[in-house]
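Q: Work out the full structure: start from the sequences and follow the hints.
Residue numbers (numbering that gives the first Met the number 0): 0 to 370.
Hints are supplied without guarantee of correctness; some may be wrong.
To be verified - With a straight-line cut-off of 25 Å between C-alpha atoms, the simulated DSS-like cross-links for lysine-lysine are:
| id | residue 1 | residue 2 |
| --- | --- | --- |
| 1 | Lys235 | Lys216 |
| 2 | Lys36 | Lys94 |
| 3 | Lys254 | Lys239 |
| 4 | Lys36 | Lys70 |
These are computed hints drawn from the structure, not numbers from a lab.
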Amino acid sequence: MLLLLGLLFVVIGQCLAENLPTIVANKNFDATIEAEKLSAAIREMNTSNIIAIICSINNNQRQQLSEEFQKANSKNVVEAMKENVNTLLDDSFWKTMFALMKPSAVYDASYLRGALSSKLFPVLFEILATRTNEQIAELKDAYEEQSNKKQMPTTLEDDIKTGTNNETETVDEELARNDAKKLYSLSQKEKTDTVNDFNPSENDHEFNKVFAERNFKQLRLTFDFYKQVAQFDIEKGIKKEFGDANKAGYLALIKYLRNRPMYFADLLHHSVEAFPINDFDLIRLLVTRSEVDLAEIKRAYHLLHEKTLQQAVKATTSRGAFRNALLALLDGNVEVPKVAQKRQNSETAADVVDADEPANKRQKMSRNLTV
Numbered sequence: 000m001l002l003l004l005g006l007l008f009v010v011i012g013q014c015l016a017e018n019l020p021t022i023v024a025n026k027n028f029d030a031t032i033e034a035e036k037l038s039a040a041i042r043e044m045n046t047s048n049i050i051a052i053i054c055s056i057n058n059n060q061r062q063q064l065s066e067e068f069q070k071a072n073s074k075n076v077v078e079a080m081k082e083n084v085n086t087l088l089d090d091s092f093w094k095t096m097f098a099l100m101k102p103s104a105v106y107d108a109s110y111l112r113g114a115l116s117s118k119l120f121p122v123l124f125e126i127l128a129t130r131t132n133e134q135i136a137e138l139k140d141a142y143e144e145q146s147n148k149k150q151m152p153t154t155l156e157d158d159i160k161t162g163t164n165n166e167t168e169t170v171d172e173e174l175a176r177n178d179a180k181k182l183y184s185l186s187q188k189e190k191t192d193t194v195n196d197f198n199p200s201e202n203d204h205e206f207n208k209v210f211a212e213r214n215f216k217q218l219r220l221t222f223d224f225y226k227q228v229a230q231f232d233i234e235k236g237i238k239k240e241f242g243d244a245n246k247a248g249y250l251a252l253i254k255y256l257r258n259r260p261m262y263f264a265d266l267l268h269h270s271v272e273a274f275p276i277n278d279f280d281l282i283r284l285l286v287t288r289s290e291v292d293l294a295e296i297k298r299a300y301h302l303l304h305e306k307t308l309q310q311a312v313k314a315t316t317s318r319g320a321f322r323n324a325l326l327a328l329l330d331g332n333v334e335v336p337k338v339a340q341k342r343q344n345s346e347t348a349a350d351v352v353d354a355d356e357p358a359n360k361r362q363k364m365s366r367n368l369t370v
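A: Okay, structure coming up:
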């Protein structure tokens, strides 16, 4: 499993296709004015105003807001919120506000530390394999700073394994063919070699090497050639080849590579449909993707599940501040162009296929939703 975690740490920072966030920088933002408004809203426990202020700006602006708030109140926003917490309010609301007010790298580092200690491998993958090189560099600094504060001097490299992948989109067809043949031959080697000759760690090493050193477009082409060679998708090969822990990690990575919005739409579906609702994952996903690609994820969710993500949130959360905060992130502060809105409205459930079906049964949607 350690090798796979190392792989996840290096498969990062790829040049992704267009990102459609729901939250962007607010051009009308004034940190001093908003800090005054937020101070009053917290004193009065006016959650509607708190949501309107915090959810209408991006994370960089929230940090500016926090600085002005600190100057005016001699305490930061989170401290002020904790002092004024109304126990009658849903605790999930405050979790959401705290998450939004933390610097993005600090928030990721906190979750990563918890995921490492609890061996929450899906969360590890989500954070390590879906952030850019720049975000990972900031995360590493935040992780180390938290370690020093806890008097446990350690770096992220100490706990996992370091590295970065190139961010180019260059595709080499011959390399993809050779990689596909090599990966397929490893699974065939297991069937033909004797027990003494077969070395499962070699398979781990070779898979890790290919996944870590190739860019996303190169990997997708490799998957296509793998299917030509093996006559089945690479997912099937991995299911036959690896143990549960490594298998889950590789399959998650491939799902992300094939279609990023669909990958996150599936994660959100599992979070919002859980009983009781998985508020930790739901909050993390909406907060971290709101400034990246949440608009595309919403669209993928609608196509996959024949209802909007807003409808799903309303159906599974009770009325109140928590629901309103989530809806504010989903609705966002971005004006949707009429052309994009028309495109979204024209798509129907006919475009939807089961999220767990093999990739060849999902081609129609993949043409619309690409990484």
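Q: Does the structure keep Lys235 and Lys216 at a Cα separation of 25 Å or less?
A: 20 Å, holds
Q: Between Lys254 and Lys239, is the straight-line Cα distance small enough, at 25 Å or below?
A: Roughly 17 Å between the alpha carbons, so the hint for Lys254 and Lys239 holds.
Q: Measure nothing beyond the straight line between the CA atoms of Lys36 and Lys94; if it is 25 Å or shorter, mark the hint as holding.
A: Between Lys36 and Lys94 the Cα gap is close to 21 Å, so the pair holds against 25 Å.
Q: Is it true that the CA of Lys36 sits at most 25 Å from the CA of Lys70?
A: 14 Å, holds
Comparing the model with each earlier hint shows no violations; every hint is respected.
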